[in-house]
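Enquirer: Work from the hints to combine the two standalone chains into their complex.
Each chain, written out:
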Amino acid sequence: MSTLPHTARAIRDAVAAGEVTAVEVCQAHLDRVVATNPSLNAFNTVCAERALAAAAAVDARRAAGDVLGPLAGVPVAIKDNLCTNGLRTTASSKILDTFVPPYDATVTARLEAAGAIVVGKTNCDEFAMGSSNENSAFGPVKNPWALDRTPGGSSGGSAAAVAAGCAPIALGSDTGGSIRQPASFCGIVGLKPTYGRVSRYGLLAFASSLDQVGPMTRTAADAALTMNVIAGYDRADATSSASAVPDFTAALTGDVKGLRVGVPRAFVSNGVDAPVLEAFDRAIATLKDAGATVVDVELPNAPSGIPVYYLVCTAEASSNLARYDAVRYGHRTTLAPGDTLQTMYERSRDEGFGPEVKRRIMLGTYVLSAGYYDAYYLKAQQVRTLLRRDYDEAFRSVDVVAMPTSPTPPFTLGEKTDDPLQMYLTDIFTVSANLVGLPAISIPCGFDAHRLPIGLQLTGRMFDEATLLRAADAYERATQWPTLASV
Amino acid sequence: MSSLSLEDVERIAALARLELTADEKHLFVRQLTDILTYAEQVQRIDTSGIAATAHVHPDQRVEREDEPRPSLGVAAALANAPDADADAGLFKVPRVIG
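Protein chains in written order, with numbering that gives the first Met the number 0: chain A, 0 to 486; chain B, 0 to 97.
In isolation and in its complexed conformation, chain B is listed as follows (with noise of 0.2 Å):
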């Protein structure tokens, strides 16, 4: 049976780039590991020997020429930004190098 801890929920947080509270992080230990808990039947299944299904269908054919399109211009790309320079066509965030 899968059990959460504290630990293990911090670790994914950190992972999935989730800043959890601690009533947000207790609340995961309990309801993940009941989920997990439940999922693990599908591990009683003997799926020896059977392909993963990567797509539902195989065969389709999905190369195409790489040709040049229209695409947004930099003011429409920038439009719904938290922080831009419109002028010099940057997203802006927190300083990275010190």
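For reference, chain A alone in the conformation it holds in the complex (with noise of 0.2 Å):
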């Protein structure tokens, strides 16, 4: 990178400074963009004239004393399932590789009314499911620290994007860790917010009862700036919440004297990595250092999360997806005369989705179908409730439950990809955060002896990702772990 500054905390007040253009800035990181995407494959689009419009639109703003906004001249990566207006969205998926949406998603439209510009659309897994980035129509991302190995995913092109350098902010989704891995896997940092806390309008929905998306960046102050744009209420989503919204930046006191840490060690210690568990374990020693009380806590049911997870959120994509009709958008087959309009669906649905997708569709169809609804999905839903009771006992007695994010350091591409069951189990920390709608955040605690990165999870209680925020960005104070790879 050049010497113009890199987190969006600084690039803002540089910019408002008139130290740097908007425009200088735009084209720094879209340099950034073209140099490191052959390798990276981070992004499905890259909109540089839009990007250098709004920048220019933005000093333009500066040169005229307007007042600008909290984010303006910040380039931001967008993650491709999330629509923007007249900007090719595909959720990297082949049933949708010429969608351009009419509208945004509310969390793009407010990133771009606070001044923020939008560089380009990052690579994920299809329809955002999968944990190594490689179910994508578009081809892998691979991990700016090694390039033998996965981002993480679904939302790997963001956390790539950050980690080089592409951009100091990207937005994810997460449905069962899908910023929070990714974001461990990249060495950033990812916070998935409570569910309801940030708006879903204009998502492509996958699992709507545990999608919600969130900011990914090098920085927690970065986190906090970008979820003061991004959080509250919207109408345009139902299931979006009225409880006010905090100055998350005034969160970050750098202090975390007297935080009840809980730490569920039965959980943490089963099938964990060596060098994972031992940066974890130094994790938690630098909290209690810097002031934090550490608890032990217990999760009972926290090692059902992968099957109640796989449960329901393929019960809910089946439905979701069942919208993909080839009619009002979307691939559809070539049509010989006298195809019916049952084959139009089913042929276009085949050519269109993926491998995991097809898979999930499945699974959810079986277990919602008749005869088998209750074995499956109400049961999976009652443990949700368990689950729920876990962590409102835990939180008695702490204000934060620690894990690792992932039980391994970043995967070598095509480990796991046969066997989706092995590519399941991997996210065994992060599902409970989405099952039970909590906000949790993952940061980065270090590296193994290989130089890949190792993430530290926090999950908090409901609408306090303030407090996360806080012993976040005061364990970075307190570790400084280089977050911008070199690729």
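Please keep in mind that the hints were generated in silico from the structure rather than gathered at the bench.
Treat the hints with care, as some may be off.
Derived BS3-like pairs: lysine-lysine, alpha-carbon spacing no greater than 30 Å straight-line [what the hints assert, rightly or not]:
hint	chain 1	residue 1	chain 2	residue 2
1	A	K415	A	K93
2	A	K287	A	K256
3	A	K93	B	K91
4	B	K24	A	K415
5	B	K24	A	K93
These stretches of chain A come out as covered by chain B in the derived footprint (C-beta under 8 Å, 3 or more residues) [claimed, not checked]:
hint	segment
6	343–357
7	384–393
Chain B is faced by these chain A residues, among others (derived, beta-carbon under 10 Å) [as the list claims (entries may be wrong)]:
hint	residue
8	T97
9	S303
10	A325
11	Y328
12	H330
13	R331
14	G337
15	I360
16	Y376
17	A379
All C-beta atoms, glycine included, are put in the ideal place defined by N, C-alpha and C.
Expert: Next up, the structure:
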């Protein structure tokens, strides 16, 4: 990277002070995208002209003495399952490969209204279904720290883009860990807000009771800055919450004295790679040295998170993805004379969806079908309630619950693609926050012997992202792990 | 233990409106059996008297006045259609009624 500032806060301040123009910042980040995309494949679409025009508009507003927004001139990358008006949005699926949304997702509209500059749309697992970004119709993303490794998924392109310096902020979506696990694999910060904290309007739906949009950044402060812009009630999303939105940047006191950190030791000790467990224990010790209190907690139902998650999310996916019918938008098969409407539906969907998406639609259709609903879907929804009680009990004695984000460092490309169940098991520590709706953050907590990033996950009380960001910021100040990969 | 047959997979595919190839059907017989067998562990958990989680914020009020609001125009709504008649304002599909 050049000598230009490279956090969102520093860019925003430098643009506002006239030390650098928004166009210069934008061009430097676009150059970085062009330089890294051949090796990383982090972007499905780069919108250089649109970005430079938006940056020029910020510079013009500053020259005219207008008030600038809280992200004025800050480049952002948007996961390609979030609608951008007039800019292709594919969900990394062949079924949407030419889809141009006629409207903006609320989060992208809010970012642009705050002066942020959209540089492009990031690669992801198809419809956000995956844990390695290998389920993309546009090819896998590579990890900027080691090109033979996955960046994680499903928001792998967003994570790689931030770690490689293509943008200080990317938006991701998280249904079972899709912000936090790639943040962990790429050595950056990723926050899944409380369910309902951020509008889902314009997010291409995967599992509506679990999906949540959130920031991926290199610092906790930039995550807080982004949350200030994207959080809050939206009348276009009936599940968005009217809860008051605090100034998240005001929470960053640098102090964790008195913070009670819960560690579910029995859950965390099982099936975790040694380097991850060592990094986790060091991170807990660092928080303790900084004044936090460490408390043992139990989450007896957490080991059931994976089966519960894959029953619930596939059921919802099978319903949500029924909309891809080749009528109003999306891929339609080439019809022969005499082909029926039924054939059009079935063949278009078979051609348009990739293997993992079909697998999940099939599984979800099965668990919702007559005779199986009670044994699978209803049972899973009941265990979800038990899991919620586990967390309620834990939060009686602690303020945050700490776990590794992923049981392993980033794994090798192709390592798990033939065995979907092995891929699903990598989500063991992330799915429960989605199942119960709680906010959770992944922050960098070191590297293994191969210099592969490891992440620490903190889960907080309902609507208490502020405490997560405060702890993340304090830990970051105490450790200063590098977050910019030199691709 | 769950064991899906080829006929089960074909029945589900028809419900899901997916025209699977023979290879895909055989792959899904194996993979869906594996996943469901794994998922059956939830059936051992005692959930008697436990309510299902319908929403993580059950107290949230979602009612609001039903007010007309601006919406997409016809041209924008048709712009992404694989086959549309823009003049008539229609999505076109294969003939349904003989």
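Enquirer: Taking the numbered hints from earlier one at a time, note which ones the structure violates and give those numbers from smallest to largest.
Expert: none
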